[in-house]
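Colleague: Chain by chain, the residues:
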Amino acid sequence: MTAAIAIAFLSGFFIYQPLVNFGIVPSSAEGMSRQPYQALGHSLAGGILIAVFGFSSWVMHYLVLGPLNALSLELPLLLLLMWGWHYLMKRLFGNRPLIGSHLPFYFLNIAVLGSGLLLIYYTPDGILTALSRSIGISLGFIISNLLISFFREKAERGSFSPILRGWPAYLIVCSVFWLSYHGISLLF
Amino acid sequence: MRLPSESKQQLFIKNLFSENGLLFSGTGIFLAVAGTRTTEQAFFLGSICLALILVNSIAASVAGDIFRYRIPLWVMALISALMLAAVNAAFSVRLSHLPEHTRIIMYLLAAGPVAFSRARAFSHTTSLGRAVFDAAGQGAGILLVMLAVALVREFFGKGFLAGGQLFSRPPWPVLGTALGGMLLTALAMVIYRTAAWRGRK
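Taken in order, these protein sequences are the chains called A and B. With numbering that gives the first Met the number 0, the residue at position 119 of the first sequence is 118, and numbering never jumps. With numbering that gives the first Met the number 0, the residue at position 137 of the second sequence is 136, and numbering never jumps.
If you are wondering where the hints come from, they were derived from the structure by calculation, not from laboratory data. Hints are not guaranteed to be accurate.
Stretch by stretch, here's where chain B covers chain A in the computed footprint (C-beta under 8 Å, at least three residues) [claimed, not checked]:
1. 83-97
2. 139-148
Distance windows between CB atoms, simulated [as the list claims (entries may be wrong)]:
3. A:Gly182 with B:Ser4: 52 to 62 Å
4. B:Ser6 with A:Leu178: 39 to 49 Å
5. B:Thr193 with A:Tyr61: 29 to 39 Å
6. B:Ser126 with A:Ser71: 31 to 41 Å
7. A:Pro103 with B:Glu5: 46 to 56 Å
8. B:Ser6 with A:Ser179: 42 to 52 Å
A short, non-exhaustive set of chain A residues, derived as facing chain B with CB atoms under 10 Å [unchecked claim]:
9. Val24
10. Glu29
11. Tyr61
12. Val63
13. Ile162
14. Tyr169
15. Leu170
In this text the structure is predicted, and so the values were computed from the model without any measurement. Positions of the beta carbon are idealized from the N, C-alpha and C atoms, including for glycine.
Sequences and hints are given; from them, build the entire structure.
Modeller: Structural data, given as C-alpha cells:
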C-alpha cells in the first residue's frame, strides 16, 4: 500500500504533470517565468490550486458523478469547481501579494483543468493514490516552473538572439525540461 | 491593431497571416504543442477551436451591438463547456480513434483564452459582420498553423504523409512526442518572426 502511494506521488511528479505528459503550455506561464520571484508566486498559486482542484475533481468524478450516471455534465461542473476553489483561494490568500497577485491568472487556467482531467483519466485506483498523485503533480508543476525561470533568467537575455526571445526561447527551454523529466520517468 | 477603416476582408487576412493569433501572441499555443500529433487530430481540434471562436464572437457582437451588454467571461466559459460536452457526446466514437489525450485537449478549450480572446477584446464593440470575419480569420489562422506543425510532425515522427506511409522507419521518431510539438511550434514562430522582420525592412 505504501509503495503504491509512493509510486503514485513520484509518477505524478515526473509523468502526470501536464507539461511533461503531453506538453500543455499555459499562456500565462511564459510571461510569469521570466524572473524567479514572479515564477515563485505564480507556481505556488498554481500548485495549491492544482492539488486541491485535482483531488476534488477526482472525488467528484468517481464518488459523485459516476454513481449518479451524470458524467456528461462533468466539464461544466469542473469549471464551477475550479471557480469555487479560486474564490476560496482569493479569500485565503488575497491579502498576500506573493500568491494573491497571481490568482487572476487562475480564474480559467488550462494547467489546472488539465491536471484535474489527467488525474481523473489516469488514476482510477483509490482515494489515497489520487491524493498522493495530485500532490505529486502540484509539486512537479512548482519545481518545473521554478527551474524553467532560473534557466530563463540566466540564459535568455544573453544567449538568445532577439528573434528567439519570448515564446520560442520558452518552448526550447520547456523541451529541454521535457527531455530530462521524460528520461527520469523511464525509470518507473 | 484593428482600425475602424479596415474592411472585413482586411480583418480576415490580417488575422490569418500578418497578425496570426498563435504565431503573433501565442494564443492557443497549447493546441499547436499538444494537439498536433497527427493531421487528423490537428484538423479535429482546430475545427472545434474555430467553431468556438466564431460562436463566442457572434454572441459577444450581438449582445454588444443590439443590447449594449458585455457577456461575462464565466458565462462564455460555461456555454463553451456545454458545447464541448455536446461535441464529446456526438463524436465519442471518432474521438476514441484519435491519439491519446485528444478528449482532454478538447476539454481544455473551455478554459483556454483562445476561445474567448477575440470576443472579449474586439467583437463586443463592433458590428456582427466585422466580428464574424475577424473571428473566422483568427480561427482559420490557428487551424492552418496547427495543420502545418502536424504535417511536419507526422512526416518526421511517423513517416506518414497525407495518410499514406512513406518510410518503413520514421526519420525522427522523437518529433512524434510532446518534444516535437514544442520544437516545431518554436520553429514556426521563428520563421514567422523572420518573415515579418524582412517584410518591415
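Colleague: State for each hint whether it applies.
Modeller: How the hints compare with the structure:
no., hint, result
1, 83-97, "violated (count 0)"
2, 139-148, "violated (count 0)"
3, A:Gly182 with B:Ser4: 52 to 62 Å, "54 Å, holds"
4, B:Ser6 with A:Leu178: 39 to 49 Å, "47 Å, holds"
5, B:Thr193 with A:Tyr61: 29 to 39 Å, "49 Å, violated"
6, B:Ser126 with A:Ser71: 31 to 41 Å, "36 Å, holds"
7, A:Pro103 with B:Glu5: 46 to 56 Å, "31 Å, violated"
8, B:Ser6 with A:Ser179: 42 to 52 Å, "50 Å, holds"
9, Val24, "5 Å, holds"
10, Glu29, "6 Å, holds"
11, Tyr61, "17 Å, violated"
12, Val63, "16 Å, violated"
13, Ile162, "5 Å, holds"
14, Tyr169, "8 Å, holds"
15, Leu170, "4 Å, holds"
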